[in-house]
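A.B. asks: Let chain R serve as the given structure and place chain C on it in line with the hints.
Here's the letter readout for the chains.
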Amino acid sequence: MNTTIENRPNAQRAIATPINGGEQFFRPQFDVIETSEAFEVHADVPGATADNVEIDFERGVLSIHARVRRDNNRKLVRREFGVGDYRFQMFVSEDIDSERIQATVKHGELTVRMPKADRARSRKIAVREG
Amino acid sequence: MFLTRTNTPLVPFRRMQREFEELARELTSAFGGNGEDAFPAVNVADQGDTLLAEVELPGMKLDGIDVSVERNYLTIKGQRKFENKSDDAVWRRRERREAQFARTVELPCEVKADKAEATLRDGVLTVILPKTPAAQSRRVSVKAG
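Residue numbers (this note's numbering), protein chains in the order written: chain R, 1 to 130; chain C, 131 to 275.
I should point out that these hints are in silico values taken from the structure, not numbers from a laboratory. C-beta atoms are modelled at their ideal positions from N, C-alpha and C, and glycine is treated no differently. Hints may be right or wrong, so weigh each one.
[As the list claims (entries may be wrong)] Some chain R residues close to chain C (C-beta under 7 Å, calculated; not the full set):
1. F30
2. D31
3. E34
4. A38
5. D44
6. P46
7. R74
8. K75
9. L76
10. V77
11. R79
[Claimed, not checked] DEER-style ranges, computed between Cβ atoms:
12. C:F150 to R:S98: 45 to 55 Å
13. R:A50 to C:R148: 36 to 46 Å
14. C:L153 to R:E37: 40 to 50 Å
[What the hints assert, rightly or not] Cross-link-like lysine-lysine pairs, in silico, PhoX-like; alpha carbons within 20 Å at most:
15. C:K191 to R:K75
16. C:K207 to C:K191
17. R:K106 to C:K191
18. C:K211 to C:K191
19. R:K106 to C:K211
With the rest of the complex left out, here is chain R:
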């Protein structure tokens, strides 16, 4: 299977990517796990909560936008991470049962489970002696 991730150069977690008028988005660090039944995406989105996450799946592209409240008035004396919305997109080449996609956010960790469509599921084929 082929999972390609639309990845802008230098779009690391710590580097803000200014899109439309200086607003900063961050690409979260994430893992993709495949089982015989589904693909699972686990992304680190510290500061985001379930009611502020939008997930969209269209034509094989999973898009995630997690909103994070930012406080720009703080006087930072050490800054190792930026605070802002998370965004990323991922292309999944296999058929997904989009009606059954499930997503949860817990402790700043986003999990998206994308069940494979029946025809994309791998099956073991018994081989008999001839």
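C.D. replies: Just chain C now, with coordinates in the frame of chain R:
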């Protein structure tokens, strides 16, 4: 002005500089220093009488985290473990780290360790650190004359 990247005599030096920077980053993070990759990432804000430290700890629960404060040092220790998935799980992409970590960051002034308060919410640990009276008095307010 017209700039071309090819055939300039500085190209090998730029490459060398990049390699040195890369090496420096690797060394600082290897020693648990303040390299870009140090985990967990810490922000510290000065709020006048208190310091506010925020630590990114996604997916972690409070019982797995140990926070300690001594003079002007904040230490965060813990372990990040992912739940074991089913047997047929295959990693297609892996960016997140599963690791034991211990990180100490220097604060800009001394704080009252016994008055520090930590809360963990949505994967962000917030530590409120009241400054010691000595640290507070060091601030001198300057008024417009």
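A.B. asks: Now tell me, hint by hint, if it's right for this structure.
C.D. replies: Here is what the structure says about each hint:
With its C-beta approaching chain C no nearer than about 6 Å, F30 of chain R sits inside the 7 Å limit, and its interface hint holds. A least Cβ separation of about 5 Å between D31 of chain R and chain C falls short of the 7 Å threshold, and the interface hint therefore holds. Given hint, E34 of chain R at the interface with chain C, holds; its Cβ is 5 Å from that chain's nearest Cβ, closer than 7 Å. Among the interface hints, the one on A38 of chain R is violated; its C-beta lies about 10 Å from the nearest C-beta in chain C, farther than the 7 Å criterion.
Taken as an interface hint, D44 of chain R checks out: its beta carbon lies about 4 Å from the nearest beta carbon of chain C, inside 7 Å. Hint on P46 of chain R holds. Least Cβ distance to chain C is approximately 4 Å, under the 7 Å limit. Among the interface hints, the one on R74 of chain R holds; its C-beta lies about 4 Å from the nearest C-beta in chain C, closer than the 7 Å criterion. The interface hint given for K75 of chain R holds, since its Cβ lies 5 Å from the closest Cβ of chain C, which is under the 7 Å cut-off.
At about 5 Å, the closest approach between the beta carbon of L76 of chain R and any beta carbon in chain C falls short of 7 Å, and the interface hint on this residue holds. With a least beta-carbon distance of about 5 Å to chain C, the hint placing V77 of chain R at the interface is held under the 7 Å criterion. Look at R79 of chain R: its Cβ gets to within about 6 Å of chain C, closer than 7 Å, so that hint holds up. Between F150 of chain C and S98 of chain R the C-beta distance comes to about 48 Å, which sits within the given range of 45 to 55 Å.
Between A50 of chain R and R148 of chain C the CB atoms are about 41 Å apart, so this pair conforms to the stated range of 36 to 46 Å. Checking the proposed 40 to 50 Å range against L153 of chain C and E37 of chain R shows it holds: the Cβ atoms sit about 44 Å from each other. Restraint check for K191 of chain C and K75 of chain R: not satisfied, since their Cα atoms lie roughly 28 Å apart, outside the 20 Å limit. Between the alpha carbons of K207 of chain C and K191 of chain C the distance comes to roughly 12 Å, so the proposed pair stays at or under 20 Å and holds.
At roughly 10 Å between alpha-carbon atoms, K106 of chain R and K191 of chain C fall within 20 Å of each other, so this suggested pair holds. Taking the CA atoms of K211 of chain C and K191 of chain C, the gap is near 11 Å; set against the 20 Å cutoff, the hint holds. Distance check on the hinted pair: K106 of chain R and K211 of chain C sit about 15 Å apart at the alpha-carbon level, within 20 Å; holds.
Comparing the model with each earlier hint shows violations of hints 4, 15; every other hint is respected.
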